[in-house]
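Chemist: Heads up: the sequence lines are chains V and C, in that order. Sequential numbering of the first sequence, starting at 1, is according to my numbering. Sequential numbering of the second sequence, starting at 724, is according to my numbering.
One or more hints might be untrue.
As the list claims (entries may be wrong) - Output of the computed footprint for chain C on chain V, the stretches with three or more beta carbons under 8 Å from beta carbons of chain C: (1) 14–23; (2) 390–396; (3) 419–433; (4) 510–521.
Hint data in this document are derived by calculation from the structure and do not stem from the laboratory. Think of the CB as a built atom: it goes at the ideal place given N, C-alpha and C, for glycine as much as any other residue.
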Amino acid sequence: MFELITHVGEKSNSSLESNLESLAQVLETDLNTYKDDVIKIVYYCVSHMPCKLTIYSTLVGLLNAKKYEFGEKLLIKILKKLEEHMNASHFSICLNLMTFLADLVNTRVVTLSSFADFLEDLVQEAFEDNIPQVRSDWFIYAILHCLPWVGREMFERKKDILESILDAVEGHMMKRNKSYVEMLRVWTSSIHEQEDYLDCLWAQIMKLRSDDWTERHIMRHYVAFDGQLADALQHNLPKFIPTPHSSSNVYPLPHVVFRLFDYADCPEQGPLLPGAHSIERFLMEEEINWIILENQGNRKECATNLLDYHKKSTVPLNYVILEVIFSQLFRIPDSPIRPIFYGSLLIELCKTKTMPQVIAQAAELLYQRIDTMQLICIDRLVDWFSYHMSNFEYRWSWNDWSSCIEMDHLAPRHIFVREVLEKCVRLSYRQRILEVLPIGFEKMVPEKISICYDLGDEDHPLHSLAVEIEKGFRGRVTAENMIEIIQRENDRSGNECLIIFFSVLLNLARKTFSHNFAALTKYYITFKKLIGESEELQLLLLQTLYDVWKLNHQMVIVITTKLLKMSVIDASSVAAWIFSEKMKVEFLRMWIWELLCIALDHVTGELNRVRSQIEKLRNKMDYHSDEQNRDEGDFSDKEKDEENNDDGNIEDLPARETEAASLQECLKNLLLYILHKFIILMSEHIVNSEMNGSDIETSWFVYIDGRLQNVFQRVKFWCIYIN
Amino acid sequence: MADFSIFFYIYQIFKGTLQEQEERLLRSSTLYIGNLSYYTTEEQVYELFSRAGDVKRIIMGLDRFKKTPCGFCFVEYYRREDAEIAMKCINGTRLDDRIIRTDWDVGFSEGRQYGRGKHGGQMLQLMNDG
């Protein structure tokens, strides 16, 4: 039965209508026996397959027409689930369920008047006092999202209510705080409008309204069953009261609508791309978004389902797919799925005949518009494009981009190409990349990797200690013995000892990352002894690492990351080093910001891990309270008990909570430090510009401003203020 | 054929019951990576696989006699979910223009970095030579 219901609507020799009719007949036969199962399956399908929503609303309509009780039970189930998902902050599923309820009006399951009341209740909820804007926004979004399905019906039979709902929404739209829009736009300016998502949906609904609520996207299968549905007894929706806002609710973040293409970019022969403010564009993009999110576990299935999109003959499908993929990849602050998934999905899509040229066209458009692209998006574009190149033998019409070579080193096109080539070299090797590039590009490729080690020079003042330490390493002395060797040299400062020790280690371990990791692990105690709790020495350690490996950014990143994870250095030291005078020379390179983000992620990752442990311990505590009431003979819980033990003991809870508070403080201080540094940098620039009467918005300033936003976009720190 | 040989490989190397192996695979954060070019470096593997998450360590597979890379390695992540992303997104894509293959692995242990073919390389290669 599950297969029958979940697969209806897929490819078939019969028409969908006749399949629905047959399925309804099969189910009707024994609906008394199976109605609970059918309801469960329909609920599952509607939650997870919104593209097939009208198929299931039609099916439910047919079943309800035959058995009133079925429809009644289904509605109770849907509303109960709606409440559960709302409590759990599963808002995308809530949206699907609400839209399904709207469409059940069209299939004569739900009375229009009760659904109108439902919408009015949502309006009421949206305008509660003292709730976060993101909560109001979500209810408005849900209301507007239902209207393409049910708007026509309301327009014809409940016009007054429809108008009053729209008036209320319009009032809300006028008052919304949209200060975040600038930070969420992919481009600071663009030939395509980049709108706040609610503004865009509102404009789309207004156009739908001016078209008398007639749209050409939704497949209304139930029209074929008008005769059967006309006599159905309808149900009033039970009163639905959303759970009040609580601090544990997590609402979807606002976003800005991404636009890459318009109809002029698509082939002249072939379907037209619906306009940006058409409801068709919105509905289509919603569905493509869903296909990607639902298939993120399997990129081949994802590609197949995208290319099989049921509206593929009415839109330029390749362009729509690409626009949606890039809208997710460039979503600020975070893409909904790990960026590498989009890279592998696009590689999969390149296995078709026509998609490769559209991807190339998109890459070219993105390059042309990169001058105003936000830095966080440029970073993702660099990572995507270099990964893509590595799967296609690095073949590209690089010559078309040769004009960027002579541009200012802070021009976005120059940055992009330089950083792409650095990533390509990391995925490959320098000579290989040089071979595929036209003449003139070699200055954009990183210098040949080499280590900067001069302690081997007999004339170096620190040579003798370096020799002793090197003997120690080669002799495989223990970490403790190494400390003794170093401390023998009483005339060397602590600083010098640390520099020499680390430089020699890096030189001897230079062959691979693994050699470095093994050495760091073996001599962990030596590092701890030499550094102690000194932030100054941590900074010195990082500077030494850079001095030795300044021509190999990947090595600096990887070893710094390792030192962080080993707790030899702190994230705060990484930040201090990045903003230090000595690192000005690298301050504008992408790898520096990669590293700062790694340091931030390290702290937030630790904090999330500890919070997760706390949650498990609290659940365990609750579980043990219930344990008193359990039968002693219940063997099925033995495995669960053993599993719970893996999460640690309940007695650990206070220590974990202390740790979480400490990490929270570290993160706060780290962010304040970074913010402080940015303020100083930018203030100095502004003051100097005003004194000199020169432009403030130089390329340097634009870059630094982008990096400041980058940091806070990444940690979603700003989200706190929108609540 | 390749799948069978991998299974055989795992079975031969790792002591323990089939069920124990399956349980360890379900919790593992370690991947076996096959079909690498002999010239692919640890640094390249690191760059590619760190796009799925934090890599804890990489162990390059070596020819047992020559101690040179022979086309496979192990990648261990700090977190299982990052290894899952690598399985979904990197398996079957290219590194050094070769389509690489990833499989769950029960976890590295000393000795497993050496190829077990008669000539020191991979058994898979030996089969190909025949």
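Chemist: Each hint: holds or not?
Modeler: Hints and how they fare:
no., hint, in the structure
1, 14–23, "violated (count 0)"
2, 390–396, "holds (count 3)"
3, 419–433, "holds (count 5)"
4, 510–521, "holds (count 4)"
In summary, the one numbered hint that this structure violates is 1.
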